[in-house]
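J.: Work the whole structure out from these sequences, hints included.
One-letter residues, chain by chain:
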Amino acid sequence: MTPSLDSYVMLSSALFAIGFLGVLVRRNTLVIYMCLELMLVAATLALVAFSRFNGTEEGDVFVFFILTVAAAEVAVGLGIIVALFRARQTVQVDQLDSLKN
Amino acid sequence: MEQIAFTVISAFTLACALCVVLSKNAVNGAMCLLLCLAGIAGLFVQLHAYLLAFLLVLVYAGAVVALFLFIIMLLDMQGGQPWRLRGFQAVAGVIAAGLLISGLDMIALRGRTAGGAPAAGEVGSSLKLYAYQLFTTYLLPVEVMGFLLLIAMLGVIVLSRRVSNEEDAQ
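Chains C and B, in that order, give the protein sequences. Just so it is clear: in the first sequence, position 5 is 4 by numbering that gives the first Met the number 0, and no numbers are missing. Just so it is clear: in the second sequence, position 84 is 83 by numbering that gives the first Met the number 0, and no numbers are missing.
Hints in this document: simulated from the structure, not taken from any laboratory. It is possible that some hints are incorrect.
Stated by the list, open to error - With a cut-off of at most 16 Å between alpha-carbon atoms, the simulated EDC-like pairs for lysine to aspartate or glutamate come out as follows: (1) B:127 / C:56; (2) B:23 / B:104; (3) B:127 / C:57.
T.: In structure tokens form, the structure reads like this:
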């Protein structure tokens, strides 16, 4: 017996929620960024499952593009984090509070 | 058989994802992310998306996690105080994540479909169809992706250069 679409959707929503939890509770910018990647991959998993159960190839092509954009996004985001660290000597979001009055 | 494999892989993936969130050390978190991505690649194989599983391992596990590890080593964050859950934030985070997961599942299960997965074709024919679509229907997005990668590369170069110039000025 093959797993149903529901189980894939539940798994991907659970992964998304775990990534969301990490973004909310962690204070290290790099770990927050890793959790963001986790959320992105969870959405990708849902897309692939829907595409498979729908019997079309379009979802797979979209996931191909998502992977490309994610690679570019990670490069730019980590570049920004390194620039931030050079300017402030910290990546803890608690200490990045120059907008706080 | 497939159901057992799905259960094992999904439990492994969820455990690794939780480990990413809860690990005290950022390097351990990156390693758990790597294992989590390997589990998701296994799920892609179960969904007959072989090319995507290969690409996920190549791009994410090969490039993205390596880049994360490189930046963690570069910034050398091991000296900071260990991370701990703070009461109010932890409760708020768990409640928010629980609300999110229940809402998503309610939306997903409302449009429940009873049908199983259609039979998959041969691996080779699927790849051929895939490549054909990529170079006919989706030719413009492929070109746009190429430009996007170029722009991202230029952006990262500019980002890292400007900061070093400022440091030289100081």
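J.: Each hint: holds or not?
T.: Verification of the hints:
1. Restraint check for residue 127 of chain B and residue 56 of chain C: the C-alpha separation of about 11 Å stays at or below 16 Å, so the hint holds.
2. With a C-alpha separation of about 30 Å, the suggested pairing of residue 23 of chain B with residue 104 of chain B is violated against the 16 Å cut-off.
3. With a CA separation close to 14 Å, the supplied pair residue 127 of chain B and residue 57 of chain C stays within the 16 Å bound.
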